[in-house]
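K.L.:
Those protein sequence lines, which keep their order, are chains F and D. For the first sequence, the working numbering assigns the number 10 to the initial residue and increments by one for each residue that follows. For the second sequence, the working numbering assigns the number 259 to the initial residue and increments by one for each residue that follows.
Hints are supplied without guarantee of correctness; some may be wrong.
[Stated by the list, open to error] When the alpha-carbon atoms are kept at most 35 Å apart in a straight line, the in silico DSBU-like pairs for lysine-lysine are as follows:
| no. | chain 1 | residue 1 | chain 2 | residue 2 |
| --- | --- | --- | --- | --- |
| 1 | F | K217 | F | K162 |
| 2 | D | K333 | F | K318 |
| 3 | D | K525 | F | K318 |
| 4 | F | K183 | F | K86 |
| 5 | F | K249 | F | K237 |
| 6 | F | K318 | D | K402 |
| 7 | F | K266 | F | K98 |
| 8 | D | K479 | F | K318 |
| 9 | F | K37 | D | K479 |
| 10 | F | K266 | F | K249 |
Please keep in mind that the hints were generated in silico from the structure rather than gathered at the bench. Please read these numbers as outputs of a predicted model, since none were measured by experiment.
The residues making up each chain are set out below.
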Amino acid sequence: MCGIAGLIHRGNTSNVGFELQGMLQALKHRGEDSTGYALYGKTDGQNFIMRFKVGENVAEGSSSVKEDVSVYDERKKIVDTYLSELGAKVIKEDRILPYSLRYEIQYDKDLMEFSQKIESVEGVEILSMGKSLEVIKDLGNAEVVCNRYNLDKVVGTHAIGHARMATESGVDIKSAHPFWGYPFSDVSVVHNGQLTNYWNNRRVLENKGMRFMSECDSELIAVYLAEKMRNGATLEEGMKESLVGLDGVFTYFVATKDSLGMAKDTMAAKPLVLYESDDLVAMGSEEIAIRSILPQEIETYDPFDGEVKVWQI
Amino acid sequence: MANLKTSEKKSKAQSMGLHTEVLTGKTQQKFFNPDEAENFYYFGTYDVDFNKRTEIDVKNMDCREANKKIDELMKDGYGTIVIKNPQGKHSLGVGILNKLNLIFEGSLGYFGCGSMDGPIVRINGRVGWSCAENMMAGKVVIEKNAGSCFGAAIRGGDLICKGSVGARTGIDQKGGTIIIGGDAGAFTGFMMQRGRIIILGDVGINLGDSMYDGTIFVGGKIGSFGSDAVEAELTDSDQDWLKRKLKVAEIGENFDVSKMTKVVAGKKLWNYDALEPTEKKGAI
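When you get a sec, could you build the whole thing from the sequences and use the hints?
P.N.:
This is the structure in structure tokens:
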């Protein structure tokens, strides 16, 4: 069934890594095949942060084919070569796990061309590209992933996350949420629900040059919104169009460098509880997610069917 | 369906007018026999004293522990129990078949107060999805908002939310009354079969979609009518009932009920009129 959570501090920063970990861990009964974080950190905004993987986590429960670590090294070497050819300068390099890397890079050209080149390497996927956004996703529940990637100290303005029960695609990182809104810097999406016109929309969007990395229906939302924005729509306009363009049941969150939004389908079939104050907006599939960061008595509500809301930092 | 025919050997319950017909053939139905009344009891019911009051803090308990504690307190005769720090936990206060004053100082998560029969519950907070699902009797009052599927499949009792509720309120409702002080979402009264829903505020799209029976009263705007939901005349007796009910519920006491819209089933979706009265009963 999956669980989603998100929060945005308005006019302030906080330990969003720790907060989101608490919210997602409270939702772990909704699925712990994988957990993903999209964290919007406090940075100087000068360089891009690229989170990417050169392979899958092939631990117990994974649906991926086991590969030798030497393959990951080979792929990393090719990525480094391609970065150099693209004119990107690597400022800082962290290999967090054999298959998961974080680069800080200087780059000022087209992100679509950049992504296509990097992802042309077999098994390589850019999880996120942004000056504030970092997408971290892996197998296991929120606590496991948080500890594996040391996320509990990340300070930032806002974040969205997802606890996944795999139903329509594999137990692997490529199908885990959040999805990056390729090719847009700093756009990420998490989704709870099922989309029934996934393949129809995918064919149309692929013909328009958009890229899909998985067969997870939720990825469609990120690609759908990215395509709308590429054609000049604002985030909110794209989200409102998605209520008609996407068929099925869904509640999803989308975040950009300075905003956080939510949309709920016209059947209101998927849950969402929302807390809103002048300083903080927190939302999740269940109230207990919000209670993990706000234990005191608060005013919360369920958004109605077909509702779209966007908040700025 | 079992064959219906008049039995030569009428039971005492039938002679008292509790049943007018006898089912023969294969049936799971059990008739109430007044001679055996002393043998009828609910498992897990206790004699409680409303003046005996206690408080428990469930902050560090899971829902099983909290519900077990409530059961133990009822066993000890406590008739008024205050629950502190529920903090949005799921399935609190479920399956209570006693008379009891139960007060939650805070909000509940999903399935709060489900499958209960008899208690009077006050929730000084919000409730998540499916509050009071399958309630047989009693009264639940929520001071703030409620999630979707509020009062799903309730058979009886009063369920009152002073704030707004999500989608599919009263889905599959089979009796009782649901009262909403604020607005209600889409598909309110979806497939309801009996009972009444009162909404003082606005209501979303597809109101009363595929309802079999029952009545919905709306004070505000209606997003749209669902399949087979139709407007009916608001009678004087409807208005009297609404005033009485709102007064008892301590909600909207001065609300102008004469301007409410009454919505009932058009009964065109299924072959309702072709059925015998007894078959209608079975279908509902």
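K.L.:
Hint by hint, say whether it matches the structure.
P.N.:
Evaluated hints:
1. F:K217 / F:K162: Violated, at roughly 40 Å.
2. D:K333 / F:K318: 48 Å, violated
3. D:K525 / F:K318: 38 Å, violated
4. F:K183 / F:K86: Status holds; Cα separation ~21 Å.
5. F:K249 / F:K237: 11 Å, holds
6. F:K318 / D:K402: 22 Å, holds
7. F:K266 / F:K98: 22 Å, holds
8. D:K479 / F:K318: Holds, at about 22 Å.
9. F:K37 / D:K479: 39 Å, violated
10. F:K266 / F:K249: Given that 35 Å is the threshold and the Cα spacing comes to 20 Å, the pair holds.
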